[in-house]
Amino acid sequence: MVFFVAPVEVQMGIVQKIFYFHVPSAFAMYLGWGVTAAATLIYLARRPKWADALAVAAAEVGMLFCMLVLITGPLWARKAWGVYWTWDPRLTSTLAAGMVYLSYLSLRSFGEAGEAEKLFASALALFGLPILFIVHYSVEKWRGAHPTVIREGGGGLATEMVTPFLISIAALLVFALVLIYTRYRLERRRQELDELYARAYELELLGEES
Amino acid sequence: MKPFASILFAMALIMAPLMAFAETPSQQSAEEPADERTALEDRSASFQAVSGPVTEDVPGGTLLIAAYIAIWAATMFYLLRLARIERRLEGDLDALRESLSQDARIAEEGDV
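Chains as they are written, first to last, in our numbering: chain L, 1 to 210; chain A, 1 to 112.
Chain L extracted, bound-state conformation (with noise of 0.2 Å):
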C-alpha cells in the first residue's frame, strides 16, 4: 500500500514514504519498551521467572525497531534537512533511549545473570520508560526540526495517506507482538533448561558441574 496507494508528498516528494515504515516503527519501539517495563515491575514485585524472560524478549524487539527508527531516520533527514543527523530533542531522546536498553540488553547477555545483574537491568529498564515520554513529547515541549505531522487532537496528514498509515501501524504493531510472543517462548525455554540442569546437578543425575 505504500507504494502502490499512498500518494507522493507535494514537497518532499517520494522519501516522505520513508514515513510509513519510520513513525510505525517508532510505536513498536514504545511497544517493546513499554512491555519490558511493566513486566519489569511484576518482576520487582513478585519475582515471576516468565516476567523477566518477557521483559528481556520485549526489550530486544523495542532494540531492532529503535534500530530502524535511527536509520530510517536519517535517510529522511538527509532529504528534509540536508544533513543525516542534527541533535534535534527527539532524535537526542531517541538515541539515549536506545543507548539505556542497549546497556539493559548488554548486561543480560553475560550469560546466565545472577540475582544482582537482574536487578540492576531492571533498574535500567525502569530508567528508560522516562526516556520513552521524553521521546514522544520532546516535539511539543521544545522547538526542534523533528515534524510534528501526528500530533494529538487530529494531524497534519493528507486524507489519502491516512489509510496506507494506519495499516502500516497495525501491520508493525503485530508484527513486533508476534516477535515479542516468539522471543519470549524461546526465553522460557532456556530457563526451563536452566532449572533441569540445575536439578539434575542436585540430584546427582550428571558429574560434576564444570
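Calculated directly from the structure, the hints in this document are not laboratory data.
By construction, the Cβ of each residue, glycine as well, lies at the ideal position given by its N, Cα and C atoms.
You may find that some hints are simply not true.
Taking lysine to aspartate or glutamate pairs in the DMTMM-like style, the calculated list, with each CA pair at most 25 Å apart, reads [claimed, not checked]:
#1 L:K118 - L:E202
#2 L:K49 - A:E108
#3 L:K49 - A:D92
#4 L:K49 - L:E192
#5 L:K49 - A:D94
#6 L:K118 - A:E86
#7 L:K49 - A:E90
#8 L:K118 - A:D92
#9 L:K49 - L:E140
#10 L:K118 - L:E9
#11 L:K49 - L:E202
#12 L:K141 - L:E202
Some chain A residues flagged as far from chain L (calculated, every beta-carbon gap over 12 Å) [claimed, not checked]:
#13 A5
#14 I7
#15 L8
#16 A10
#17 T75
#18 Y78
#19 E109
Got chain L sorted already, so can you dock chain A onto it with the hints?
This is chain A only, laid out in the frame that chain L set:
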C-alpha cells in the same frame, strides 16, 4: 507450486519500491512546461554563482530504497538470530538428554 508462489511473493516485495517511481497523471501535467519551448531556450544561457550555502539535489528514491533494504536486512538478521537461539537450545537439550542416559548406563553397570 508453493515455492513458485513464495518466489513471486518475494519478488513483488522486493520490486514494490520501484512502483513508487511511476509518475501519476497529475504529476506529469504539473511537470510539463506551460508553453512550448525550444531546446535552445531550455538551455542555460549563463552561469550564476549561488548566494548563501551551496545546496545539492539529493535523490529521494535512492534514500527510500536504502531505507527499505535496511528494514528488510534488520528484520532478517533478527529472525536469523531467533533461529540460532532455537538451534542452540535444542543442542543443549540433546546434550542434557545424552548426559543423563550415559550416567544412567554407568549406574546400571555399577549395580550389575
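Tell me the hint numbers this structure goes against, listed in increasing order.
Going through the list in order, the structure violates hints 2, 9, 10, 12, 17 and 18 and respects the others.
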